[in-house]
Amino acid sequence: YTDSAYDGGVLEISANGGAFTQVTPIAGYNRTFRTIAGGGNPFTGPMPGVPCYSDSITNWTLGQVDLSGYAGQNIQIRWRFGSDAGATREGWYVDDVRIYAPQPPVPEPVVPTGLTIRYVGTSLVLKWDTDANLNYKIYSSTIATGPFEYLEGTSTTNAFTISAGPVDARKFYVVVGWDGN
Numbered sequence: 144y145t146d147s148a149y150d151g152g153v154l155e156i157s158a159n160g161g162a163f164t165q166v167t168p169i170a171g172y173n174r175t176f177r178t179i180a181g182g183g184n185p186f187t188g189p190m191p192g193v194p195c196y197s198d199s200i201t202n203w204t205l206g207q208v209d210l211s212g213y214a215g216q217n218i219q220i221r222w223r224f225g226s227d228a229g230a231t232r233e234g235w236y237v238d239d240v241r242i243y244a245p246q247p248p249v250p251e252p253v254v255p256t257g258l259t260i261r262y263v264g265t266s267l268v269l270k271w272d273t274d275a276n277l278n279y280k281i282y283s284s285t286i287a288t289g290p291f292e293y294l295e296g297t298s299t300t301n302a303f304t305i306s307a308g309p310v311d312a313r314k315f316y317v318v319v320g321w322d323g324n
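Just so we're aligned, residue 144 is where the sequence shown starts under this note's numbering, counting upward by one.
To be clear, the hints were calculated from the coordinates, so they are not data collected in a lab. C-beta atoms are modelled at their ideal positions from N, C-alpha and C, and glycine is treated no differently. Heads up, some of the hints might be wrong.
[Unchecked claim] Here are the simulated lysine-lysine pairs, DSS-like style, with alpha carbons at most 25 Å apart: (1) K280 x K314; (2) K270 x K280; (3) K314 x K270.
[Unchecked claim] DEER-style ranges, computed between Cβ atoms: (4) G192 x V240: 25 to 31 Å; (5) T297 x N159: 31 to 37 Å; (6) I305 x R241: 20 to 26 Å; (7) N217 x G192: 29 to 35 Å; (8) V268 x I242: 42 to 48 Å.
Let's have the full structure, built from the sequences with the hints guiding it.
Right under this line is the structure:
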């Protein structure tokens, strides 16, 4: 039926161990469980009149749900399938489930000034001008223009010592200030 279904599924959520309640997708459900008999079979489904996903086996429906109202809570999600007793066939498929959490904006890194690198014995000593409100991450790369993806370590002061490797192992360094978050 174009507006109703004998068989279909819904998404439900439980917050902080509470009862499960149905969640409505952003675009809504595409059908409603039938409440009346018809089509040769009487209605015997468990959720009469409830909005649901239902379609033929060859069509996939993309569903998206905004879970921002549950931020900071422990949640469980489940999919519940409802069917009448009119036929015994395959049920409902759910595939490619992904849950995305919004990422906080990334602050611009603070690059300290006055960076100097000296050889002291068998170690490299990096020093820079300090900002008392920052911690520091020291990254390296074997290419002068980066990417600087290897984290050498962190420092809470304006100095960092690296045990020097072989002389032919050329590396380039970047020091980035961060607020500890």
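Checked hints:
Straight-line distance between C-alpha atoms of K280 and K314 comes to about 16 Å, which keeps the hinted pair within the 25 Å bound. Between K270 and K280 the alpha-carbon distance is near 12 Å, which keeps this suggested pair within the 25 Å criterion. In summary, the hint linking K314 to K270 is supported, as the alpha carbons are separated by about 16 Å, within the 25 Å threshold. Against the hinted window of 25 to 31 Å, the Cβ-Cβ separation of G192 and V240 comes to about 26 Å, which satisfies the hint.
A hinted range of 31 to 37 Å for the beta carbons of T297 and N159 is consistent with their spacing of about 35 Å. Range check, I305 to R241: about 40 Å between beta-carbon atoms, so the 20 to 26 Å window is missed. Remark: the range hint 29 to 35 Å for N217 to G192 is upheld by a beta-carbon distance near 31 Å. Take V268 and I242: their Cβ atoms lie about 45 Å apart, and the range 42 to 48 Å holds.
Hint violations for this structure: number 6 only, all remaining hints satisfied.
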